[in-house]
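Sequential numbering from 1 applies to the sequence shown in my numbering.
Be aware that a few hints might be false.
Stated by the list, open to error - In silico lysine-lysine, BS3-like type, Cα no more than 30 Å apart, as pairs:
no.: 1; residue 1: 110; residue 2: 123
no.: 2; residue 1: 106; residue 2: 62
no.: 3; residue 1: 148; residue 2: 90
no.: 4; residue 1: 51; residue 2: 61
no.: 5; residue 1: 32; residue 2: 73
no.: 6; residue 1: 62; residue 2: 122
no.: 7; residue 1: 148; residue 2: 110
no.: 8; residue 1: 148; residue 2: 76
no.: 9; residue 1: 116; residue 2: 51
no.: 10; residue 1: 110; residue 2: 61
no.: 11; residue 1: 61; residue 2: 76
no.: 12; residue 1: 116; residue 2: 148
no.: 13; residue 1: 90; residue 2: 32
no.: 14; residue 1: 41; residue 2: 122
As the list claims (entries may be wrong) - Pairwise CB distance ranges (calculated):
no.: 15; residue 1: 125; residue 2: 54; range: 27 to 33 Å
no.: 16; residue 1: 51; residue 2: 161; range: 43 to 49 Å
no.: 17; residue 1: 162; residue 2: 140; range: 21 to 27 Å
no.: 18; residue 1: 155; residue 2: 65; range: 17 to 23 Å
no.: 19; residue 1: 72; residue 2: 42; range: 18 to 24 Å
no.: 20; residue 1: 32; residue 2: 136; range: 18 to 24 Å
no.: 21; residue 1: 140; residue 2: 37; range: 42 to 48 Å
no.: 22; residue 1: 126; residue 2: 160; range: 26 to 32 Å
no.: 23; residue 1: 32; residue 2: 125; range: 18 to 24 Å
no.: 24; residue 1: 162; residue 2: 84; range: 32 to 38 Å
no.: 25; residue 1: 90; residue 2: 161; range: 43 to 49 Å
Hints are computed from structural coordinates only; laboratory data are not their basis.
Quick reminder that beta carbons are idealized off the backbone N, C-alpha and C, glycines included.
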Amino acid sequence: MKYNHKYKFLKPKIIYVTYMNISDCSCGDLSKITAQDIMSKDVAVVSPMEKLSTAEIMMIKKNIGGLPVVAPKTQKLIGIITQRDIQLSKTLIGTEIFHVDDIYSKNPVKGTLNEKLPEIIKKMHNNNIERVPIVDDMDNVVGIVVTKDLIRSLALFFENNFKEV
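With these hints in hand, go ahead and build the complete structure from the sequences.
What follows is the structure in structure tokens.
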């Protein structure tokens, strides 16, 4: 089977990808990988009533760029807030005390546990986002797929499916 991918090896087992539309690739087992296989399961979430400063501190402490926003009583996904959102609000509005509810993005792009990796990648690309909260059948956050998860998964995929030339 021949693949139309351009790549060059820099060191053994390290691949530099110059072009590859991975979301259209059906080679190997890539199309069988699900969100559940690659998502981060220990997800920090925030309530819309939380102060922005608290959300920002959570992101800094956990070294993450965004938090799913969940309904206080049901824990259902209702939005997402990012470091960028907070920085823009500080720049445009000032340093008044605000809450997550004032600036979070409502109706976020989300994925399901059984959603395939190529679909998650397409969602991220088409919506220009770096994280996709993963929800269960009740819309509760059970994980999150971030760019780092994709890179880790793709690195393993390449390592297992491409041999040195």
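Verification of the hints:
{"no.": "1", "hint": "110 <-> 123", "in the structure": "9 Å, holds"}
{"no.": "2", "hint": "106 <-> 62", "in the structure": "23 Å, holds"}
{"no.": "3", "hint": "148 <-> 90", "in the structure": "27 Å, holds"}
{"no.": "4", "hint": "51 <-> 61", "in the structure": "16 Å, holds"}
{"no.": "5", "hint": "32 <-> 73", "in the structure": "35 Å, violated"}
{"no.": "6", "hint": "62 <-> 122", "in the structure": "27 Å, holds"}
{"no.": "7", "hint": "148 <-> 110", "in the structure": "17 Å, holds"}
{"no.": "8", "hint": "148 <-> 76", "in the structure": "24 Å, holds"}
{"no.": "9", "hint": "116 <-> 51", "in the structure": "35 Å, violated"}
{"no.": "10", "hint": "110 <-> 61", "in the structure": "24 Å, holds"}
{"no.": "11", "hint": "61 <-> 76", "in the structure": "24 Å, holds"}
{"no.": "12", "hint": "116 <-> 148", "in the structure": "17 Å, holds"}
{"no.": "13", "hint": "90 <-> 32", "in the structure": "42 Å, violated"}
{"no.": "14", "hint": "41 <-> 122", "in the structure": "21 Å, holds"}
{"no.": "15", "hint": "125 <-> 54: 27 to 33 Å", "in the structure": "31 Å, holds"}
{"no.": "16", "hint": "51 <-> 161: 43 to 49 Å", "in the structure": "47 Å, holds"}
{"no.": "17", "hint": "162 <-> 140: 21 to 27 Å", "in the structure": "38 Å, violated"}
{"no.": "18", "hint": "155 <-> 65: 17 to 23 Å", "in the structure": "20 Å, holds"}
{"no.": "19", "hint": "72 <-> 42: 18 to 24 Å", "in the structure": "20 Å, holds"}
{"no.": "20", "hint": "32 <-> 136: 18 to 24 Å", "in the structure": "21 Å, holds"}
{"no.": "21", "hint": "140 <-> 37: 42 to 48 Å", "in the structure": "19 Å, violated"}
{"no.": "22", "hint": "126 <-> 160: 26 to 32 Å", "in the structure": "27 Å, holds"}
{"no.": "23", "hint": "32 <-> 125: 18 to 24 Å", "in the structure": "20 Å, holds"}
{"no.": "24", "hint": "162 <-> 84: 32 to 38 Å", "in the structure": "35 Å, holds"}
{"no.": "25", "hint": "90 <-> 161: 43 to 49 Å", "in the structure": "45 Å, holds"}
Of the numbered hints given earlier, the model fails hints 5, 9, 13, 17 and 21; all others are met.
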